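J.: Residue-level listing of the chains:
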Amino acid sequence: MRYRRAGLAKVLACTAVLAAAATACGSGGSGTSPDGKVELTIATFNEFGYEDLLKEYEAANPNVKVTQRKTGQAAPHHQNLFTKLGAGSGLADVEAIEEGFLSQVMAKSGQFENLKDIGPKDVKDDRWLKWKVDAVTTKDGKLVGYGTDIGPLAMCYRKDLFEAAGLPSDPEGVKALFATWDSYFEAGDKYVAATQKPWFDSAAQIFNPMHNQAKVGYYDKDDKLVIETNDDKKIFDQVTGAVARGQSAKLAAWSKEWEKGFKESAFATKTCPSWMLGVIAGNAGDAHKGKWAVTAAFPGGGGNWGGSYLTVPKQGKNKAEAAKLAAWLTAPEQQIKAFKAKGPFPSQTEALTSPELLDQVNEYFGGEKVGLLFAEQAKKVAQAQYKGPKDGEIQDNVVSPALTSVEQGTSPADAWKTVIEGAQKAAK
Amino acid sequence: MTTELTVTRGRGAEPRPPRRDDNDDIGPEKLGWRHRLTHLDVKFSPYLYIAPFFVLFALVGLFPLVYTAYVSLFDWELGADETPFVGIDNYTTLLADSQFWNAMVNTLSIFAISTIPQVIIAVLLAALLNTALRGRTGWRMGVLLPYVASLVALTIIFGDLFGVQYGTINDVLEAIGFGRIDWQADRWWSHIAIATMVNWRWTGYNALIVLAAMQAIPRDVYEAAWVDGASKVRQFISITLPMLRPTLIFVIVTSTIGGLQIFTEPLLFSPSAGTSGGATNQYQTVVLYMYESGFRSLNLGYASAMAWVLFLVIIVIAGINFLLTRRLASSGEA
Numbered sequence: 001m002r003y004r005r006a007g008l009a010k011v012l013a014c015t016a017v018l019a020a021a022a023t024a025c026g027s028g029g030s031g032t033s034p035d036g037k038v039e040l041t042i043a044t045f046n047e048f049g050y051e052d053l054l055k056e057y058e059a060a061n062p063n064v065k066v067t068q069r070k071t072g073q074a075a076p077h078h079q080n081l082f083t084k085l086g087a088g089s090g091l092a093d094v095e096a097i098e099e100g101f102l103s104q105v106m107a108k109s110g111q112f113e114n115l116k117d118i119g120p121k122d123v124k125d126d127r128w129l130k131w132k133v134d135a136v137t138t139k140d141g142k143l144v145g146y147g148t149d150i151g152p153l154a155m156c157y158r159k160d161l162f163e164a165a166g167l168p169s170d171p172e173g174v175k176a177l178f179a180t181w182d183s184y185f186e187a188g189d190k191y192v193a194a195t196q197k198p199w200f201d202s203a204a205q206i207f208n209p210m211h212n213q214a215k216v217g218y219y220d221k222d223d224k225l226v227i228e229t230n231d232d233k234k235i236f237d238q239v240t241g242a243v244a245r246g247q248s249a250k251l252a253a254w255s256k257e258w259e260k261g262f263k264e265s266a267f268a269t270k271t272c273p274s275w276m277l278g279v280i281a282g283n284a285g286d287a288h289k290g291k292w293a294v295t296a297a298f299p300g301g302g303g304n305w306g307g308s309y310l311t312v313p314k315q316g317k318n319k320a321e322a323a324k325l326a327a328w329l330t331a332p333e334q335q336i337k338a339f340k341a342k343g344p345f346p347s348q349t350e351a352l353t354s355p356e357l358l359d360q361v362n363e364y365f366g367g368e369k370v371g372l373l374f375a376e377q378a379k380k381v382a383q384a385q386y387k388g389p390k391d392g393e394i395q396d397n398v399v400s401p402a403l404t405s406v407e408q409g410t411s412p413a414d415a416w417k418t419v420i421e422g423a424q425k426a427a428k
Numbered sequence: 001m002t003t004e005l006t007v008t009r010g011r012g013a014e015p016r017p018p019r020r021d022d023n024d025d026i027g028p029e030k031l032g033w034r035h036r037l038t039h040l041d042v043k044f045s046p047y048l049y050i051a052p053f054f055v056l057f058a059l060v061g062l063f064p065l066v067y068t069a070y071v072s073l074f075d076w077e078l079g080a081d082e083t084p085f086v087g088i089d090n091y092t093t094l095l096a097d098s099q100f101w102n103a104m105v106n107t108l109s110i111f112a113i114s115t116i117p118q119v120i121i122a123v124l125l126a127a128l129l130n131t132a133l134r135g136r137t138g139w140r141m142g143v144l145l146p147y148v149a150s151l152v153a154l155t156i157i158f159g160d161l162f163g164v165q166y167g168t169i170n171d172v173l174e175a176i177g178f179g180r181i182d183w184q185a186d187r188w189w190s191h192i193a194i195a196t197m198v199n200w201r202w203t204g205y206n207a208l209i210v211l212a213a214m215q216a217i218p219r220d221v222y223e224a225a226w227v228d229g230a231s232k233v234r235q236f237i238s239i240t241l242p243m244l245r246p247t248l249i250f251v252i253v254t255s256t257i258g259g260l261q262i263f264t265e266p267l268l269f270s271p272s273a274g275t276s277g278g279a280t281n282q283y284q285t286v287v288l289y290m291y292e293s294g295f296r297s298l299n300l301g302y303a304s305a306m307a308w309v310l311f312l313v314i315i316v317i318a319g320i321n322f323l324l325t326r327r328l329a330s331s332g333e334a
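Taken in sequence, the protein lines are chains A and B. Residues in the first sequence are numbered from 1 upward in steps of one, following the working numbering. Residues in the second sequence are numbered from 1 upward in steps of one, following the working numbering.
If you are wondering where the hints come from, they were derived from the structure by calculation, not from laboratory data. The structure displayed is predicted, hence computed values, not measured ones. Treat the hints with care, as some may be off.
[Claimed, not checked] Straight-line Cα separation of at most 16 Å, EDC-like style, residue types lysine to aspartate or glutamate; simulated pairs:
| # | chain 1 | residue 1 | chain 2 | residue 2 |
| --- | --- | --- | --- | --- |
| 1 | A | K260 | B | D97 |
| 2 | A | K428 | B | D160 |
| 3 | A | K263 | B | D97 |
[Said to hold, decoys possible] Here's a subset of chain A near chain B, in silico, CB distances under 7 Å, partners left out:
| # | residue |
| --- | --- |
| 4 | P76 |
| 5 | Q79 |
| 6 | N80 |
| 7 | S255 |
| 8 | K256 |
| 9 | E257 |
| 10 | T404 |
All C-beta atoms in this analysis are idealised placements derived from N, C-alpha and C, irrespective of residue type, glycine included.
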């Protein structure tokens, strides 16, 4: 009842008001304003830091007028995106895509322009980190989006709790603990034995980066579900084993309880993408200032969590102009300005060497040079794992709940059975 | 033609003023046209006045309803290039889908433990509010406060109350010697927690509707009963309840429809506002599952089929409740 195709409804509505100006029934305007300017729209969510940049672009290109549509959160933004993709009209000329929804977008890559065809020719793949470009390139070599920001992973940990448990606590000393996942869980056992308190926040927060480091994800390159034969069972057993040994605080990420967990010192380590520092500072509060630390190490190498792309949907009017704008916004110089405005961590190789980025320090985390630290971590990401069509759904709606159920008392064997069934159902 | 214009109407039989003073230029054919127009006006204007509702309803109510039925016959992935016709496949898959039946049981369970106590408490609350209380208006406004409060604020408060590790209720339970309750993991307790949120929000609202109906009951009926020596309880059972019947039917039917469409509470009760309704779907309702299928899995055809099945279930249950209420709250003999 609540589902209807916006397109058809719009046709009806437009028929009803046929007498009214017919231009009102186009998709997002006619593309040019009365004074002959090219009109572009760009749809983003959260904070991309584009406000001043768009003014700058308009000043440099007097024939272009850009309107930004902002949505507060990523989920409604993408819901709108998929609905209007289905309707065939109503999208902005440039649409931002978040990494977590990328697999669903890539499954519909036919509805997006190949930026290699319509984008400025001087934009080359080597503008970005290789894994960032690979993730948005289709099997037949089409480039669906230009990378904006990333979320390179490091480890955050509580210095004071480590000291109390007799573990090394300075950023260099802890690197050995965070060398591999084996050493990470081993240190966790020591910590639990010494303090009787959990080591990490929740199983899903550990499983996801481990899974993403694997060569093969839920799908192979032929889009066949391989969850039964890849490394996931091994990873699942490793994580649920740690849960059984008391390492998990069983606090589901983003819940009220999880937020409170930071204040209550409920866990000692946190998998930590660059944008998590602000989240930790906000949740843990001033009382824990200087107690949290971040180190340039992540078990099993590197990893990424989050970050976005700019795409040009095929349904737009001024696709070449839209691609030009997207290319300009994702150039290293602009991304550094966006980083200074709102903090999204740049994905462009050149931006990662910018002094403005490398000199960034974080007072809450003991004055650590976090810009430099995360730039290093970004280079450690080995490859972009291939993500099949229902990848995000399997991760969020199948595997993560199953891990939570283990934390709530389901046996790992039963939970794994649920994972297999759920993944097969999702992939059908 | 002048007689036509000065015909007497209404009370007082005062002649209506002629419509135009200089009526000498009106030709007979022109008057005929006006006359016909007036006739049409009287005949069709009422329909025109109520038309906006029906046009709007057709556009945003009926059309989506019919279109949903149409979509449910396709393998309709949101944003996909092709949407092949699959006939009733979505329905057969749905009826064999254990997650759907699990969601149906959850919905009925949450519905039962929310709506039943809610309506009973609402009627008793209304009876209390109907007595000679000091500061009556204050009390009456007070019961509506939970309804006015923002649902999101409510969720934060209930999130604090029903937190598993740091929740207030668990702290209190532990302090007085009971064990902590895992509001998230345990199916039954999670239903209770969600039903509590629903009741908190809707009881006062329903109480006010019932109260309005109570005040419409003529006093002399009570006075007659009092003279005959009927107790307060007897008066309540034999006068108040039967005379509330139309309102109770309304309250019960709307609560049934609302109760079977519970969505926001279980969505926000899940720790990170996920659509799975708990780690093992222990509190996923049908509407939540429908939302998950449509907007998380982007499987609109399947979600539409679910919407229609739920629609039919609601009609059946609302119908049963209608008949039951008519029976229970009838005037003794019938």
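J.: Let's test the interface hint: is any C-beta of chain B closer than 7 Å to that of A/E257?
T.: holds (5 Å)
J.: Answer holds if the nearest beta-carbon of chain B is closer than 7 Å to that of A/Q79; otherwise answer violated.
T.: holds (5 Å)
J.: Against chain B, with CB atoms and a cut of 7 Å, does the hint on A/P76 hold up?
T.: violated (10 Å)
J.: Does A/N80 pass the interface check with chain B, least Cβ-Cβ distance below 7 Å?
T.: violated (10 Å)
J.: Given the hinted pair A/K428 and B/D160, is their alpha-carbon gap at most 16 Å?
T.: Violated. A/K428 to B/D160 sits at ~39 Å, over the 16 Å cutoff.
J.: Can the restraint linking A/K260 and B/D97 be considered satisfied, given a maximum Cα separation of 16 Å?
T.: With Cα atoms ~37 Å apart, A/K260 and B/D97 exceed 16 Å; violated.
J.: Is it true that the CA of A/K263 sits at most 16 Å from the CA of B/D97?
T.: Roughly 42 Å between the alpha carbons, so the hint for A/K263 and B/D97 is violated.
J.: With a cut-off of 7 Å, does the beta carbon of A/T404 approach a beta carbon of chain B closely enough for the hint to hold?
T.: holds (4 Å)
J.: Should the interface hint for A/K256 be scored as holding, given a Cβ-Cβ cut-off of 7 Å against chain B?
T.: Cβ of A/K256 sits 4 Å from chain B, so the hint holds.
J.: Just to be careful: measuring from the Cβ of A/S255 to every Cβ in chain B, is the smallest value less than 7 Å?
T.: At about 3 Å, which falls below the 7 Å cut-off, the nearest Cβ of chain B leaves the hint on A/S255 intact, so it holds.
Going down the numbered hints, you'll see the structure goes against 1, 2, 3, 4 and 6, while the others check out.
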